[in-house]
Amino acid sequence: DTGVSQDPRHKITKRGQNVTFRCDPISEHNRLYWYRQTLGQGPEFLTYFQNEAQLEKSRLLSDRFSAERPKGSFSTLEIQRTEQGDSAMYLCASSLWGVGANVLTFGAGSRLTVL
Amino acid sequence: AQSVTQPDIHITVSEGASLELRCNYSYGATPYLFWYVQSPGQGLQLLLKYFSGDTLVQGIKGFEAEFKRSQSSFNLRKPSVHWSDAAEYFCAVQGAQKLVFGQGTRLTINP
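Order-wise, the sequence lines are chains A and B.
Numbering follows our numbering, with no gaps: position 3 of the first sequence is 3.
Numbering follows our numbering, with no gaps: position 27 of the second sequence is 27.
Heads up, none of these hints are tricks.
Okay, the calculated beta carbon distance ranges per label pair:
hint, chain 1, residue 1, chain 2, residue 2, range
1, A, 85, B, 9, 17 to 25 Å
2, A, 96, B, 53, 18 to 26 Å
3, A, 97, B, 70, 29 to 37 Å
4, B, 58, A, 53, 32 to 40 Å
5, B, 39, A, 60, 20 to 28 Å
6, B, 3, A, 87, 23 to 31 Å
Take a look, some chain A residues computed to stay more than 12 Å from chain B by CB distance:
hint, residue
7, 63
8, 74
9, 87
10, 115
It should be emphasised that the hints constitute simulated quantities derived from the structure, not laboratory data.
This one's a predicted model, so the numbers in the text were calculated from it and none came from an experiment.
For each residue, glycine too, the CB sits at the ideal point set by N, CA and C.
Bound-form chain B, shown alone (with noise of 0.2 Å):
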């Protein structure tokens, strides 16, 4: 069965510096493979899908995320944070017919 690790549960950066959340997926074909964010309170919303061709996907918001086959990895980069990132990020994998999530990453900016 297909599922999703996220292995920092909460992540603290400062505002303005680089970012990086870590996604590792389990699946046994080619993964079709998802980034959401959720603010307080709210639903999900889509920050960036990979599916086929190129590895580096661009996403709304300044994101973006590199599919490793060899890693088992889709990591979430964003070069200079904003404090309006502050969220809950979550990573998906597609399985049969439906999305798995990972426990999500918590993300902190300090001013």
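So that you can see chain A by itself, here it is in the shape it has in the complex (with noise of 0.2 Å):
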């Protein structure tokens, strides 16, 4: 078990620009979330996936986002024409569903700064 892993850990773009991350989830979890963090606030609810059916998204994730989960593995989260109120940490976790609790398990954040 490595753990929830995240790529790139950093990203700097010019704004309008487009930028995807992506997460590799616990192998054995079949729900995927991603979050966004901006400096001083807790982690805000983006979306999320059980297996690779995307089952919600926020409010916040605006036309210019766009979140995949081809095989029901790893996920990718685009950006796509990013503005300076994309900054923020885009956090990724993973659980697995419908054992017990549903416990998250985080990756360690992709940050973006749009210049």
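Fit the two chains together into the complex; they arrive one by one in their own frames, and the hints show the way.
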């Protein structure tokens, strides 16, 4: 068990560019979550998958954001036409739903800076 | 909708002193409650969780928390803090399918 991996750890981009983040969950986990965290705030829910199905999206996830989990394993979060307000830490978490309690294990996060 | 309030944005304590971080939640049903810790530039690490049963739960690193339904609270405590406990602490409630976090409390330790 290598935990939840996120890549890249840091990304600096110019406004208007597209960025993509990758998350590799714990292999036996069937749920995968994306959260966003801005400075001085708690994580805010963006979306989650159960296996390959995206089951819920927050209103925070504008149409510039898209997330996929094509084979029910790793997931990508893409932000198109980035804005300065997108600067944040993007956290991925995974869990095993359906076996006892739903405990989320988080990755180290991907920090995005939009110039 | 569920929500979490952490009234203290920043707390400073001396090394060796006791600690209590406050957390109040709003949730219609029996809550599942969590405390996570985040060191600078890192992800969140689970300290402890409450699902049912004994209202005093023990966690890692010597932390404990007490669930009080009548007060809608889930306060985190530690009898004696260490310099390595300096971090951001988040309380969370599990609502429908996802965790909802509080704003966090930043803990500073004075030597």
